[in-house]
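Peer 1: Sequence:
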Amino acid sequence: MTSEQHLAPLRMPDRLFAELAAGGGSAAAVAFLERAERARRLLLLRTLLGHLDALPTPLTPVAEAWRVLKEAAEKAPEPVERLLLAPPTGGWISHMLRRVHGTATGPPLWAEAGHLSALALSASLHAGTETAFDVALTDGRLPLPGLGMVQLPDAREGLAVGRATAAGGELTVEGPGRANGSVRVSCRPLPQRAGAGGDTWLPLRTLTHPGPGGEAPVAVVLEDLDPYRDLDDHLPPARLDEDEAREWRRLFGEAARILAAPGTPGPGRVDPAMIRAIVPFGRTGVSPPPLPFVQVSASSGDSFGGMLIVRPASALALAETLVHELQHSKLAALLHLFPLLEDDRAERYYAPWRTDPRHLTGLLHGAYAFTGVAGFWRDRLADAPSAEAVERAGYFFALRRLQSRLAVRTLLSSGRLTVQGRALVSGLVRTLDGWLREEVPPAALGRARTAAALHRTEWRLRNVVPAPASAPSDLRFRADRTSWPDTRTHGFATRSTLPRTADEHLAAGDAAAALVRYADVLADAPAEPHALAGWIVARTILEPGRAARRMLARPEELLEPSPRV
Numbered sequence: 001m002t003s004e005q006h007l008a009p010l011r012m013p014d015r016l017f018a019e020l021a022a023g024g025g026s027a028a029a030v031a032f033l034e035r036a037e038r039a040r041r042l043l044l045l046r047t048l049l050g051h052l053d054a055l056p057t058p059l060t061p062v063a064e065a066w067r068v069l070k071e072a073a074e075k076a077p078e079p080v081e082r083l084l085l086a087p088p089t090g091g092w093i094s095h096m097l098r099r100v101h102g103t104a105t106g107p108p109l110w111a112e113a114g115h116l117s118a119l120a121l122s123a124s125l126h127a128g129t130e131t132a133f134d135v136a137l138t139d140g141r142l143p144l145p146g147l148g149m150v151q152l153p154d155a156r157e158g159l160a161v162g163r164a165t166a167a168g169g170e171l172t173v174e175g176p177g178r179a180n181g182s183v184r185v186s187c188r189p190l191p192q193r194a195g196a197g198g199d200t201w202l203p204l205r206t207l208t209h210p211g212p213g214g215e216a217p218v219a220v221v222l223e224d225l226d227p228y229r230d231l232d233d234h235l236p237p238a239r240l241d242e243d244e245a246r247e248w249r250r251l252f253g254e255a256a257r258i259l260a261a262p263g264t265p266g267p268g269r270v271d272p273a274m275i276r277a278i279v280p281f282g283r284t285g286v287s288p289p290p291l292p293f294v295q296v297s298a299s300s301g302d303s304f305g306g307m308l309i310v311r312p313a314s315a316l317a318l319a320e321t322l323v324h325e326l327q328h329s330k331l332a333a334l335l336h337l338f339p340l341l342e343d344d345r346a347e348r349y350y351a352p353w354r355t356d357p358r359h360l361t362g363l364l365h366g367a368y369a370f371t372g373v374a375g376f377w378r379d380r381l382a383d384a385p386s387a388e389a390v391e392r393a394g395y396f397f398a399l400r401r402l403q404s405r406l407a408v409r410t411l412l413s414s415g416r417l418t419v420q421g422r423a424l425v426s427g428l429v430r431t432l433d434g435w436l437r438e439e440v441p442p443a444a445l446g447r448a449r450t451a452a453a454l455h456r457t458e459w460r461l462r463n464v465v466p467a468p469a470s471a472p473s474d475l476r477f478r479a480d481r482t483s484w485p486d487t488r489t490h491g492f493a494t495r496s497t498l499p500r501t502a503d504e505h506l507a508a509g510d511a512a513a514a515l516v517r518y519a520d521v522l523a524d525a526p527a528e529p530h531a532l533a534g535w536i537v538a539r540t541i542l543e544p545g546r547a548a549r550r551m552l553a554r555p556e557e558l559l560e561p562s563p564r565v
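The sequence shown maps to residues 1 to 565 in this note's numbering.
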């Protein structure tokens, strides 16, 4: 946070760009992106402070909080740097800029601006400096970024102004009580100890994994307290149940071991130390049991290295998701450095992993993320411990490489990539084309090709209006289109030994039996998209040729009239 650091030029070496363009990225490449994100964050913070300087507030002015933060950075640069680079800090800065420009909502602006005082308090505690702030309390709570949260007992409900002082590593917080008078607590947030302070101090939880070469364990924040841990909106703290937190620690430890398995450097290989924070979403207990795959995950370009995840039951699924979301973080950082495409934001492109049309930026993000996912499953195929694991890994490797190659072909033909964007996408093409030549178990490859054809066919049936158009930019979309459950991507991962449903017969390679069962459904509902997509794909498997290729290219043409079954 010194002026010398501000003046340091940012010029990405060609070799680092080439690593990232291939879909991977060494520790050096990721470190460069983080350095760039730091510079961007400081620029945004300077802009924000300019907007907040004259803001009327009952709290300590932001200029004083900024002074304390800089003073702490001089005495304890490393922990203050971690505070600055923490994903929730980036989320807060960007959220506040949206607030001052009127494109986001939240608590009173003065209260959200007071989060800078909470950052300064955390920095002061790390540095051992003395400071005092008037701070915003919500229901008697004061979150301290990177440390945890103070809870005043019997505090007044709602938003209130309190007083926080830090001296010699001790923090004292005082605020209005539920009745008359005030309430006060003192604690020592450092060193953090689980359970320290009872109900008045909640330390931040972390997920740990062994460092490389026997080094000290690396900690990843399990963020359930910071109000800016979400992708945009202010979010109240939501402390995990201890059982749920324990499950996160177990799963993350297993996922980290999966990612640490030896292999060839490249896309899909992730050092968990690159992850800064995981935000658990949607669960506060171990019951009911979670699904084996990740239902929801997300990340934001404002929060580099952070990711929001619904906990799955499987460590393998969590490891895959960590790869996926870190890919998004890397690409978002590249987009902050280079203009990669000219996007009019019109959502008209087919993305093989989505049920809705996407804009070009979303398609690029998906292609980059799923190239990493394909690399992840390529590694799993190489070290699969059983025949079943070989089939599963082979399927997902084949599916994701095929889907990603289709997406990059769309990007290259769009005519909207910049010079840097074409270089990036061309790097992905080289990676994917090399992978397409690699052998995959034939049964797994067949299921992957079938699943890919089914997804695209059903997508067009549900989204596209029948018309003679062929180019993506000419597609007309149905006004009544809605989201639909993509059950086949995971359903085709394994081959059923006793197939019963049409999908199971098709996954087992029996297109004739599947065709009969799809026809039974279509006899009662001739335009039902799921069954019709299955019928079309099964028919083209049994009767390949020009007519089959036309059906697959424009399946929506069969909606009127209905196919004869």
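Careful: at least some of the hints might be erroneous.
Unchecked claim - Label pairs and their in silico Cβ distance ranges:
{"id": "1", "residue 1": "Leu190", "residue 2": "Pro58", "range": "27 to 35 Å"}
{"id": "2", "residue 1": "Pro466", "residue 2": "Ala54", "range": "52 to 60 Å"}
{"id": "3", "residue 1": "Ser182", "residue 2": "Pro292", "range": "47 to 55 Å"}
As the list claims (entries may be wrong) - Calculated lysine to aspartate or glutamate pairs in the DMTMM-like style (CA-CA distance at most 25 Å, straight line):
{"id": "4", "residue 1": "Lys75", "residue 2": "Asp134"}
{"id": "5", "residue 1": "Lys70", "residue 2": "Glu34"}
{"id": "6", "residue 1": "Lys70", "residue 2": "Asp14"}
{"id": "7", "residue 1": "Lys75", "residue 2": "Glu34"}
{"id": "8", "residue 1": "Lys70", "residue 2": "Glu130"}
{"id": "9", "residue 1": "Lys70", "residue 2": "Asp139"}
{"id": "10", "residue 1": "Lys70", "residue 2": "Asp53"}
{"id": "11", "residue 1": "Lys75", "residue 2": "Glu130"}
{"id": "12", "residue 1": "Lys70", "residue 2": "Glu81"}
{"id": "13", "residue 1": "Lys75", "residue 2": "Glu64"}
{"id": "14", "residue 1": "Lys75", "residue 2": "Asp154"}
Because the hints were derived from the structure by calculation, they are not lab data.
Just so you know, these numbers come straight off a predicted model, no measurement behind them.
Yeah, the Cβ is synthetic: ideal placement off N, Cα and C, and Gly gets one too.
Peer 1: Each hint should be assessed against the structure and marked as holding or not.
Peer 2: Cross-check of the supplied hints:
{"no.": "1", "hint": "Leu190 to Pro58: 27 to 35 Å", "result": "29 Å, holds"}
{"no.": "2", "hint": "Pro466 to Ala54: 52 to 60 Å", "result": "58 Å, holds"}
{"no.": "3", "hint": "Ser182 to Pro292: 47 to 55 Å", "result": "50 Å, holds"}
{"no.": "4", "hint": "Lys75 to Asp134", "result": "23 Å, holds"}
{"no.": "5", "hint": "Lys70 to Glu34", "result": "20 Å, holds"}
{"no.": "6", "hint": "Lys70 to Asp14", "result": "34 Å, violated"}
{"no.": "7", "hint": "Lys75 to Glu34", "result": "22 Å, holds"}
{"no.": "8", "hint": "Lys70 to Glu130", "result": "13 Å, holds"}
{"no.": "9", "hint": "Lys70 to Asp139", "result": "29 Å, violated"}
{"no.": "10", "hint": "Lys70 to Asp53", "result": "17 Å, holds"}
{"no.": "11", "hint": "Lys75 to Glu130", "result": "12 Å, holds"}
{"no.": "12", "hint": "Lys70 to Glu81", "result": "11 Å, holds"}
{"no.": "13", "hint": "Lys75 to Glu64", "result": "17 Å, holds"}
{"no.": "14", "hint": "Lys75 to Asp154", "result": "36 Å, violated"}
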